[in-house]
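> Listed below are the residues making up each chain.
Protein chains: 2
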Amino acid sequence: MRSNKRTGTALDEIDHVAIEVKDIAETVSWYTDRFQCEVVYRDNTWAMLEFGNIRLAFVSSGQHPPHLGFVREDAEEFGTLETHRDGTRSTYIADPSGNAIELLAKED
Amino acid sequence: MRSNKRTGTALDEIDHVAIEVKDIAETVSWYTDRFQCEVVYRDNTWAMLEFGNIRLAFVSSGQHPPHLGFVREDAEEFGTLETHRDGTRSTYIADPSGNAIELLAKED
Numbered sequence: 001m002r003s004n005k006r007t008g009t010a011l012d013e014i015d016h017v018a019i020e021v022k023d024i025a026e027t028v029s030w031y032t033d034r035f036q037c038e039v040v041y042r043d044n045t046w047a048m049l050e051f052g053n054i055r056l057a058f059v060s061s062g063q064h065p066p067h068l069g070f071v072r073e074d075a076e077e078f079g080t081l082e083t084h085r086d087g088t089r090s091t092y093i094a095d096p097s098g099n100a101i102e103l104l105a106k107e108d
Numbered sequence: 001m002r003s004n005k006r007t008g009t010a011l012d013e014i015d016h017v018a019i020e021v022k023d024i025a026e027t028v029s030w031y032t033d034r035f036q037c038e039v040v041y042r043d044n045t046w047a048m049l050e051f052g053n054i055r056l057a058f059v060s061s062g063q064h065p066p067h068l069g070f071v072r073e074d075a076e077e078f079g080t081l082e083t084h085r086d087g088t089r090s091t092y093i094a095d096p097s098g099n100a101i102e103l104l105a106k107e108d
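Protein chains in written order, with full-length UniProt numbering: chain A, 1 to 108; chain B, 1 to 108.
Hints are computed from structural coordinates only; laboratory data are not their basis. Any given hint might turn out to be false.
Note: identical chains are not told apart, hence a pair may lie in one copy or across any two.
What the hints assert, rightly or not - Calculated cross-link-like contacts (lysine to any residue; reagent style SDA-like; alpha-carbon spacing at most 25 Å):
#1 22 x 100
#2 5 x 93
#3 106 x 32
#4 106 x 44
#5 5 x 100
#6 5 x 22
#7 5 x 86
#8 22 x 73
#9 106 x 72
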């Protein structure tokens, strides 16, 4: 785990990146044909691929927003956590340009 | 390094993610105030932050496209490599939805 060179504090990791795509199945095929990665979830509204250092999600317009996802022990300090169907709990905030950032609670 | 469970092949890593922002300096302050990360480059058109597992770039509209960047030994098989001011060599392709993907040559 990389640390801040000055303070020695561990750097935060980005858990996943979600980008917007038009066709989930076509996109999964395109990436898995060209890159070494594994499909960890897929339905007709979104999918998740695992790469060596991070997960890449594909989301459909109007279903889930494109975003960066961080796992943080203090996620609830960023907003009220919502529990999702898969049991994860998170909240979304926006950066100054309106890019969505998901803060996920660290699960035990 | 994570590997494909079925084939044992090492999974590709995403070198960096670049997202579009309105104001580089404001965005760098916003992220460094909330996340443990280090500023590795910044000028008034783009910036790069280092997180524990990946680098996050901020790009300005019309300057650099938002993209995902991969380092690959076979980068030139994706297109003619262009040499950038910092000495890196890369080419861009688009996924089926038009999302830009940068393939960077592995430097010795």
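> Take the hints in turn and mark each one as holding or not.
Verification of the hints:
Proximity of residue 22 to residue 100 under the C-alpha cut-off of 25 Å is found in both arrangements, the shortest distances being 19 Å within a copy and 14 Å between copies. In this assembly of identical chains, residue 5 and residue 93 lie within 25 Å of each other by CA distance neither inside one copy nor across copies; the values are 28 Å within and 34 Å between. Taking CA atoms no more than 25 Å apart as the test, residue 106 paired with residue 32 passes between copies only; the shortest distance there is 20 Å, against 29 Å inside one copy. When the C-alpha separation of residue 106 and residue 44 is checked against a cutoff of 25 Å, the pair qualifies neither within a copy, at 27 Å, nor between copies, at 35 Å.
Taking the shortest Cα distances, residue 5 and residue 100 never come within 25 Å of each other, neither inside one copy (28 Å) nor across copies (32 Å). Taking identical chains as interchangeable, the C-alpha atoms of residue 5 and residue 22 are never at most 25 Å apart, the minima being 41 Å within one chain and 29 Å between chains. In this assembly of identical chains, residue 5 and residue 86 lie within 25 Å of each other by CA distance solely across copies; the values are 23 Å between and 36 Å within a copy. When the C-alpha separation of residue 22 and residue 73 is checked against a cutoff of 25 Å, the pair qualifies neither within a copy, at 34 Å, nor between copies, at 29 Å.
For the identical chains of this complex, residue 106 and residue 72 are intra-copy neighbours only, at 6 Å inside a copy versus 32 Å across copies, given an alpha-carbon limit of 25 Å.
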